[in-house]
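Chemist: Below are the chains, spelled out letter by letter.
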Amino acid sequence: MKKMLFSAFVFSLVTGIAVQAQTLQIDGSTTVGPIADAFAEYFKRVHPDLDITVKKTGSGDGAAALVDGRCDIATMSRFMKEKEFKDAVANGVFPVAHVVAMDGVCVVVHPSNPVGALTTAQVREIYADKITNWSQVGGPSMPIVVISRDTSSGTYETFDELVMAKQPMGPGVEYVNANPQAHARVKTTPGAIGYVGIGFLDREVKAIKVDQIAPSRQTIASGVYPVARPLFLFTNGYPKLGSMVHRFCSFYLTEKGQELVEAKGFVPLTAY
Amino acid sequence: MLGPSADRRRPLALTPGEDLVGFIASYLGRAVLFLITATSVLAVLLILLFVILRSTPFLREFGVREFLTSRVWRPTADEPVFGALTLIVGSLYVSIAALLFAVPVGILAAVFLSDIVSWKIRNVAKPVVEILAAIPSVAYGFFAVLVLAPWMQRRFGFSTGTNALNASMILAVMALPTIISVAEDAISALGRELREASYSLGATRLETMVKVVIPAAHSGIIAAVVLGMMRAIGETMVVWMASGNATQIPHPWWDLSQSIRTMTATIAGEMGEAPEGMAHRSALFAVGVVLLLMTFVLNIVSEYFLSRAKKATGKS
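Protein chains in written order, with this note's numbering: chain U, 1 to 272; chain B, 1 to 316.
By construction, these hints were calculated from the structure, which means they are not laboratory data. Some clues are possibly wrong.
Stated by the list, open to error - With the Cβ distance kept under 8 Å, some of the chain U side facing chain B (calculated, not the full set):
1. Ser152
2. Ala165
3. Lys166
4. Val173
5. Gln181
6. Lys206
What the hints assert, rightly or not - Not everything, but these chain B residues come out facing chain U in the computed CB check (under 8 Å):
7. Thr69
8. Ser70
9. Arg74
10. Leu148
11. Ala149
12. Gln153
13. Gly244
14. Ala246
15. His251
16. Pro275
By construction, the Cβ of each residue, glycine as well, lies at the ideal position given by its N, Cα and C atoms.
Excised from the complex, chain U in its bound form (with noise of 0.2 Å):
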């Protein structure tokens, strides 16, 4: 024990922070919970005697976590709602954003279809069930099954934000739970078509140019890409400096923290 406490001692000389608050806790967006785990997972190698924990609730839930101070960082896919914030100064918080990376939501079609660039206001009549046939966009008679996230998932609320301009969607959408469900639900549906994260690109499904630009690192990092969001990090007022919520907001600017950030299947801010 003694040698374990003289270890840790020493180890915080060497790396110099003065560790005050041994426990962080993060909590919110699904979307960012995977790179709030890589990093989590990176610290706890770095300082073994930190506790992190990361809950993956929903960037509402995040929001509403840091509001009453039940954690240290908010993760989030979206910027936080007035409500929020309002609630949040209310409550003697101040939330500042911290942005992370980037993430582009790719609009995806099966491989077989031969359509391969739609605009933002095709994307959104198809969605608002509007355009229920590929050849009403220059594809083969077929009916477009349509796939969304759960209304409850960061994706979605990008793609309504970005896409739908908060048009309702319509009643024939079909919705399901997860990146990975969507992109599967696509490959195996010749009518389909779908948005998933960029990380969920891959060549069993095709994702098509909406407004003549294609999906990649630099449309998505430089904005180009119309449906591309920033993913955030919030804190109570900005951390102080040093301290383990500074650092752990900042890493995201370190070499690993890209390296990390892309491993996941986001687009580092770096990436200019």
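Starting from the known structure of chain U, arrange chain B on it as the hints suggest.
Modeler: Quick look at chain B alone, frame taken from chain U:
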């Protein structure tokens, strides 16, 4: 066990002190047992109360009528609409369709196990059937999405493979162990006399089965069917993965190749992001109330028929 010598040392009558201790001990024992039993009863009542209480803000704001008759479920729109009709109909669709598949198969299998196959094989086959109930529903769900859905698209040319038919076929398989097990118990509980009487009157085995055994066991069989329906209507993971979750009522109504959405899938899928204190969350509780009432009714019906089945076999 006390030996005879120990018996002899005990006084015939208890002293008032011992009597009191015994009285209190038995009273306390009863009280503890009563409390333990009461917790499960209380839990049911409290769940019902909790769900109803949480749904009242929504029902007061939007009204029961719109909730039960509107076909539009748009909970996250700026002007949200909560019409649960498609969800209620969706739940009924998949459970009834599942029963259409599962009941004939289940009853035939039960008759086969109880009356036709040899005792040895029955003793192997019945536990194996019951293992079906032990497969986690998410495993069924993966099978539905990755195997059954593409197969249906190829084989039947459906545009989408995750649809009402897919969900009800999987639910049928999941309801089978319940139906077979309960129905088999009911049929084999009838006893030899009934069957021997039938044979002695010259009836064939088919006539005995169809005209004597199944009618005599009808209470137990109905209870089995109702229990199977409860299994189907309460199942969440499978329908969430296999039904497609489109908030629509199939048109035409018998077209099971279209996607539908059930009440359970809606609650499971949307509870995570429905913020506390918003109408959406409260509306999900209202959906829960409808679901609870349905399963309560089914439960009472099954209890009624099970008790009748018991009485019937008790008499014979």
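Chemist: Each of the hints needs a verdict: does it hold here or not?
Modeler: Going down the list of hints, with the structure as the test:
1. The closest approach between the C-beta of serine 152 of chain U and any C-beta of chain B is roughly 3 Å, which is under the 8 Å cut-off, so the hint is satisfied.
2. At its closest, the beta carbon of alanine 165 of chain U sits 11 Å from a beta carbon of chain B; the interface hint therefore is violated under the 8 Å criterion.
3. The beta carbon of lysine 166 of chain U comes within 6 Å of a beta carbon in chain B, closer than 8 Å, and the hint placing it at the interface holds.
4. At a threshold of 8 Å, the smallest CB-CB gap from valine 173 of chain U to chain B is about 6 Å, leaving the interface hint in force.
5. Hint status for glutamine 181 of chain U: holds, given a least beta-carbon distance of 6 Å to chain B, under 8 Å.
6. Evaluation of the lysine 206 of chain U hint against chain B yields a violated restraint, the C-beta minimum of about 17 Å exceeding 8 Å.
7. For threonine 69 of chain B, the suggested interface contact is broken, since its CB lies about 15 Å from the closest CB of chain U, more than 8 Å.
8. Taking 8 Å as the C-beta contact cut-off toward chain U, the hint placing serine 70 of chain B at the interface is violated, the least distance being around 12 Å.
9. Residue-level restraint check for arginine 74 of chain B holds (minimum Cβ-Cβ distance to chain U is 5 Å; threshold 8 Å).
10. Annotation: interface hint on leucine 148 of chain B violated; nearest CB of chain U at approximately 11 Å, more than 8 Å.
11. Evaluation of the alanine 149 of chain B hint against chain U yields a held restraint, the C-beta minimum of about 6 Å falling below 8 Å.
12. At its closest, the beta carbon of glutamine 153 of chain B sits 6 Å from a beta carbon of chain U; the interface hint therefore holds under the 8 Å criterion.
13. For glycine 244 of chain B, the interface hint holds, since its Cβ comes within 8 Å of a Cβ in chain U; the closest pair sits about 4 Å apart.
14. Hint status for alanine 246 of chain B: holds, given a least beta-carbon distance of 5 Å to chain U, under 8 Å.
15. Checking histidine 251 of chain B against chain U by beta carbon gives a least distance of about 10 Å; that is not within 8 Å, so the hint is violated.
16. Using the Cβ-Cβ criterion of 8 Å, the hint placing proline 275 of chain B at the interface with chain U is satisfied: the shortest such distance is roughly 6 Å.
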